[in-house]
Amino acid sequence: AQKVTQAQTEISVVEKEDVTLDCVYETRDTTYYLFWYKQPPSGELVFLIRRNSFDEQNEISGRYSWNFQKSTSSFNFTITASQVVDSAVYFCALSDSGAGSYQLTFGKGTKLSVIP
Amino acid sequence: DAGITQSPRYKITETGRQVTLMCHQTWSHSYMFWYRQDLGHGLRLIYYSAAADITDKGEVPDGYVVSRSKTENFPLTLESATRSQTSVYFCASSESYRETQYFGPGTRLLVL
Chain A
1 AQKVTQAQTE ISVVEKEDVT LDCVYETRDT TYYLFWYKQP PSGELVFLIR
51 RNSFDEQNEI SGRYSWNFQK STSSFNFTIT ASQVVDSAVY FCALSDSGAG
101 SYQLTFGKGT KLSVIP
Chain B
1001 DAGITQSPRY KITETGRQVT LMCHQTWSHS YMFWYRQDLG HGLRLIYYSA
1051 AADITDKGEV PDGYVVSRSK TENFPLTLES ATRSQTSVYF CASSESYRET
1101 QYFGPGTRLL VL
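If you read the protein sequences in the order shown, they are chains A and B.
Counting in our numbering, the first sequence runs from 1 upward without gaps.
Counting in our numbering, the second sequence runs from 1001 upward without gaps.
It is possible that part of the hints are untrue.
No farther apart than 20 angstroms at their CA atoms in a straight line, the calculated lysine to aspartate or glutamate pairs in the DMTMM-like style are these [what the hints assert, rightly or not]:
id, chain 1, residue 1, chain 2, residue 2
1, B, K1011, A, E44
2, B, K1011, B, E1079
3, A, K111, B, D1038
4, A, K3, B, E1099
5, A, K3, B, E1079
6, A, K108, B, E1059
7, A, K108, B, D1038
8, A, K38, B, E1099
9, A, K108, B, E1079
If you're looking for bench data, these hints aren't it; they were derived computationally from the structure.
In this text the structure is predicted, and so the values were computed from the model without any measurement.
Model the full structure from these sequences, guided by the hints.
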């Protein structure tokens, strides 16, 4: 069965520090998709990135970067030079055909607090 | 472009009452989903729909009913609300089963 583990429940960093949020997944499929979503204190879920299992290239978007390693089943997310506005809960999610429909399976989230 | 909207945003009801949460999307996405978010459980799928008149159960469907007569709408009904259904409910939509799911703003439901 598919599973997503975000072992870090809460992380606190001081502004301008770099921080990495870990995500480990389990799936039996060879074709699957990985996602990161951000949930700021206002409560909405904001899509950040989608990755398919055939594309292991790391991606950088501004201060955000993602490291996808199939060998360790990990899809980690790094924020460089963190800012207070980065304070949020971050969810990693997996979509595969395990449930027959490419449903999203979410990790339990990592709460990031950036202290000014 | 409104995207995906949910109503009401906040709802207080009593045990045993019927409650319907509305979800509307303007993208003509085929797939729509309902999740609930609870502390300690993250987000869990309640029901999803691949197209109008096609729905299927997710991880936690008990106590909920859905329908999808039009592509753009996907209401979720709690037939007889229970305290355990106090939660934040999110609706989402995607173009296809492989594509990114985009979420509505959520509905906070309190069952007394």
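Checked hints:
no., hint, result
1, B:K1011 x A:E44, "17 angstroms, holds"
2, B:K1011 x B:E1079, "15 angstroms, holds"
3, A:K111 x B:D1038, "14 angstroms, holds"
4, A:K3 x B:E1099, "19 angstroms, holds"
5, A:K3 x B:E1079, "30 angstroms, violated"
6, A:K108 x B:E1059, "15 angstroms, holds"
7, A:K108 x B:D1038, "10 angstroms, holds"
8, A:K38 x B:E1099, "17 angstroms, holds"
9, A:K108 x B:E1079, "28 angstroms, violated"
In this structure, the earlier hints numbered 5 and 9 are contradicted, and the remaining ones agree with it.
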